[in-house]
Each structure stands twice: as C-alpha cells, then as structure tokens.
Amino acid sequence: MTQGPATDNPVGYISHHLQPLQAGSGFWQFNIDTIFFSALLALIVMVISYRVGKSIQAGAPSGTQNVLETLIEFVNGLVKEAFPKPNKIVGPLGLTIFIWVFLMNAMDLIPVDLLPKAADLMGIHYLKVVPTTDPHTTFAMSLMIFALCIYYNIKIKGGLGYMKSFLVHPFGIWLAPINFILTMVEELAKPLSLALRLFGNMFTGELVFLLIALLPWYLIPIPGSLWAIFHILVITLQAFIFMVLTIMYISLASEESH
Amino acid sequence: MNVTATLFGQMITFVIFVWFIKAYLWEPLTKAMEDRTNKIAEGLAAAEKGQQKILEANEEYTLKIDEAKSKANNIISEAEQKSKSIIEDARLSAKEEALKIAKSSTQQLEQEINAARESLKKDIAELSIICAEKVISKEIDKKVHDNIIDEVINK
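Here the protein sequences line up with chains A and B, keeping their order.
Mapping to the numbering used here: the first sequence position 164 is 164, numbers consecutive.
Mapping to the numbering used here: the second sequence position 116 is 116, numbers consecutive.
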C-alpha cells in the first residue's frame with residue numbers, strides 16, 4: 001500500500017487510523033488489534049505479577065515488589081474507605097482495572113504512526129494500537145462491573161429487596177412507576193457513563209494526536225509534546241477514575257437497603 | 001457499537017486477568033504485607049517490654065544497692081560498738097590485773113622486809129655475842145663487864 005504524505009488526504013489519513021484491524025462480520029466481528037494489544041498488556045502484567053508473587057520477600061522487599069506493594073496499599077486504602085465490611089474481590093478488581101486501563105491508555109503515548117507503519121511493512125494495513133479507543137474494551141469492563149453490582153445487590157439485599165429498591169427509591173411506594181423509571185435510568189447510566197467516559201477521553205486524545213500528526217513536520221514537536229505531557233495526566237486520571245468509580249458502584253451495590 | 005465477539009473476548013480477558021491478579025499477586029502480597037505489619041508491631045511491643053524491664057531492673061538495682069549500703073553501715077557501726085566494748089573490757093580487766101599484781105607485790109615486799117628484819121635481828125644478836133666473846137677474852141673487868149651487861153640489858 002503506497003501512501004503519499006499524510007497531509008494530502010487528511011480525512012483518509014484519520015479514518016484509516018481509526019479503522020480497527022477486523023476479521024469476521026456481524027456478531028463474529030473480531031477487532032484483532034484491540035484483542036491482541038489488551039491481551040498482550042494483560043499477559044505482561046500477569047507474568048510480572050506471577051514472578052513477584054512467587055518470590056515474595058517478606059522482610060525487606062525491593063524493586064517490583066515495592067512498586068506493587070505501594071499500588072496495593074493505595075488501592076486498599078480506597079477500598080477500605082468505601083467498604084465497611086471487608087470484600088475479597090473488589091481490591092484485586094480495582095488494582096487490575098487501574099493497571100490495565102493505565103497501560104492500555106499508555107499505548108496512546110507511542111507515536112501514532114510508529115506501530116501502524118511497522119505493521120504496514122509487515123503487510124497489516126490497519127492497526128489501532130490503543131485498546132481503550134475501542135468501545136468494545138471499555139464496555140466489556142463496565143458490563144462486567146455492572147454484572148458484579150447486580151450480583152452484590154441480590155446477595156446483600158436479596159432478590160425481593162433488590163426489586164423493592166427499584167420501586168420505593170427515591171419517592172416512596174406511592175410513586176412506584178416513577179421510582180422504577182428513575183432507578184432504572186440511574187442504574188443503567190452507571191455502566192454506560194463508565195464505559196463512554198473512558199472511551200470518549202481516549203478516542204478524542206487519539207484524534208488530537210492524529211490532527212497534530214497532520215501538521216507540517218516542523219510544527220509537530222511543540223503541540224505534540226505538550227499534548228503528550230498533558231495526556232500523561234489524562235491517562236493516569238482516567239485509569240484512576242475508572243477504578244474509583246468501580247469501587248464506589250460496588251460499594252453502593254453491597255450496601256444494606258436504604 | 002454492536003454486541004460482537006470482540007466484546008465477549010474482552011470480557012473473558014478481563015475476567016481471567018482479574019482472577020489471575022487476585023490469585024497470584026493480590027492475595028500472597030497482601031498476606032506478606034500483613035505478616036510484616038504484625039512482625040513490626042510485635043517487634044515494637046517486644047522493644048517496649050525490654051525497655052520496661054530495663055527500667056524495672058534499674059529500680060531493683062538501686063534498691064538493692066541502697067539496702068546493701070545500709071547493711072554495710074549497720075555492720076560498721078556494730079563493729080565499732082563491739083570494738084569499743086572490747087577495748088573497755090580489756091581496760092577493766094587490765095586495771096584489775098594491775099591491782100592484783102600491785103597487791104601481791106606489796107605483800108611479797110612486806111614479807112621480804114619482815115624476813116630481812118628477822119635476819120638482821122639474828123645478825124645483830126650474833127654480832128653482839130661475838131663482840132661479847134672478844135671483849136671477854138681480852139680482859140675480864142668485872143666492873144666494865146657488868147656495866148656492859150647492864151647496858152645491854154637496859155637496852
């Protein structure tokens with residue numbers, strides 16, 4: 001595939017970059033790049049954590065273990081603030097989300113043309129390297145969290161109690177239909193906003209990188225580096241927000257009935 | 001976005017990832033951290049205990065030292081008293097002894113004086129007899145003789 005300078009056809013350049021590497025169609029549509037990069041990052045983290053977990057130094061930790069302990073301490077602090085009772089799953093869940101989302105977002109900082117170009121040379125013509133710019137990834141996480149919320153709601157409040165919370169909250173039993181609609185919207189807005197916030201932030205971030213890449217080469221460094229520096233903040237913040245909201249939603253779900 | 005296999009693939013990846021992190025990183029590491037916290041707490045408590053013990057030992061030590069000091073003082077004063085009494089006794093017995101010795105020596109002296117006197121008397125008598133014999137052998141002068149005898153007798 002031969003390409004002229006990107007500036008010749010900006011719309012084509014951008015839409016080319018936003019086109020995932022796909023296989024199959026309809027339900028069996030695989031976004032291979034999304035799956036590949038997210039799984040690759042997950043695998044790297046798993047290998048590192050497996051190694052650290054196998055050779056834990058109880059007395060005086062060092063290196064990677066220190067970093068991971070700091071992260072765990074940080075996540076555990078948030079969890080303990082939100083949960084009155086200890087919860088076994090939410091700590092590792094929050095940690096995994098933070099690390100994974102952060103790393104997937106961080107793929108954004110690799111120059112936009114580097115990996116697609118390399119893939120192009122190997123005969124792969126489409127590549128989206130940031131898995132979180134694919135709504136499949138963000139929705140996959142938020143829907144799992146949503147499922148976990150429902151699980152905890154039913155576990156803590158019981159099936160009937162959960163139903164009741166839809167009917168009596170927030171206006172009391174006499175306005176049950178309105179309550180039902182409101183609570184339904186409230187509950188459904190949680191996973192939707194969770195997924196779309198991350199997706200939107202990363203997608204627009206990527207878009208701005210692409211627009212900067214369209215500038216003449218001598219203009220690229222200043223806005224490019226500024227946006228990248230700003231983006232370091234954004235990717236960390238988005239990962240953090242995703243984790244905190246996850247913890248909050250699950251803690252709300254596992255509260256006793258209001 | 002459509003519901004596609006990608007979505008489910010990502011879900012599966014997510015679940016596996018969370019499970020893996022929970023099983024192989026979170027649980028062992030939090031356990032290790034808890035153990036460490038406990039160990040540190042135990043160590044601090046032990047240190048505190050040790051400090052307490054040192055304080056107690058110090059107190060006991062000063063107490064014992066004080067006790068020993070007062071005991072030593074007691075012993076010293078007792079010894080002083082004893083020595084005083086011993087000296088006093090010695091002085092008394094020495095005085096008695098001296099008195100005894102003085103008495104016995106005066107008695108002896110008196111005896112010796114008496115003996116000397118006796119022997120002197122004897123000597124004088126013998127002497128006078130010798131004198132008398134001499135005088136008698138030289139000249140028997142009745143008158144003189146008589147005079148002398150008279151004199152002796154008068155004496």
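Since the hints were derived computationally from the structure, they do not count as laboratory data.
These figures come from a predicted structure and were not determined experimentally.
Quick reminder that beta carbons are idealized off the backbone N, C-alpha and C, glycines included.
Please note that the accuracy of each hint is not assured.
Partial pick of chain A residues on the chain B-facing surface, computed with a CB cut under 7 Å [said to hold, decoys possible]:
# : residue
1 : Val47
2 : Tyr50
3 : Ile56
4 : Thr137
5 : Ala140
If the Cβ cut is set under 8 Å, some of the chain B residues that face chain A in the computed set are [stated by the list, open to error]:
#  : residue
6  : Thr4
7  : Ala5
8  : Met11
9  : Phe14
10 : Phe20
11 : Tyr24
12 : Trp26
13 : Asp35
14 : Arg36
15 : Asn38
16 : Ile40
Do the hints match the structure? See the list:
1. Annotation: Val47 of chain A was flagged as interfacial toward chain B, and the flag is violated, the nearest CB pair being 10 Å apart, outside 7 Å.
2. The beta carbon of Tyr50 of chain A comes within 5 Å of a beta carbon in chain B, closer than 7 Å, and the hint placing it at the interface holds.
3. Residue-level restraint check for Ile56 of chain A holds (minimum Cβ-Cβ distance to chain B is 5 Å; threshold 7 Å).
4. For the restraint placing Thr137 of chain A at the interface with chain B, the shortest Cβ-Cβ distance is roughly 5 Å, inside the 7 Å limit, so the hint holds.
5. For Ala140 of chain A, the suggested interface contact is upheld, since its CB lies about 3 Å from the closest CB of chain B, less than 7 Å.
6. For Thr4 of chain B, the shortest C-beta to C-beta distance to chain A is roughly 4 Å, which falls under 8 Å, so the interface hint holds.
7. Proximity of Ala5 of chain B to chain A holds as hinted, the smallest CB-CB distance being about 5 Å (cut-off 8 Å).
8. A distance limit of 8 Å between C-beta atoms decides the matter here; for Met11 of chain B the minimum to chain A is near 4 Å, and the interface restraint holds.
9. Because the closest C-beta pair between Phe14 of chain B and chain A is about 6 Å apart, less than 8 Å, the hint holds.
10. Against a cut-off of 8 Å between C-beta atoms, the interface hint on Phe20 of chain B holds, since the closest Cβ of chain A lies about 5 Å away.
11. For the restraint placing Tyr24 of chain B at the interface with chain A, the shortest Cβ-Cβ distance is roughly 4 Å, inside the 8 Å limit, so the hint holds.
12. Of the supplied interface hints, the one on Trp26 of chain B holds, with its beta-carbon coming within about 4 Å of a beta-carbon of chain A, less than 8 Å.
13. Annotation: Asp35 of chain B was flagged as interfacial toward chain A, and the flag holds, the nearest CB pair being 6 Å apart, inside 8 Å.
14. A cut of 8 Å between beta carbons decides the hint on Arg36 of chain B: the least distance to chain A is about 6 Å, and the hint holds.
15. Because the closest C-beta pair between Asn38 of chain B and chain A is about 11 Å apart, greater than 8 Å, the hint is violated.
16. Proximity of Ile40 of chain B to chain A is violated relative to the hint, the smallest CB-CB distance being about 10 Å (cut-off 8 Å).
Of the numbered hints listed earlier, those contradicted by the structure are 1, 15 and 16.
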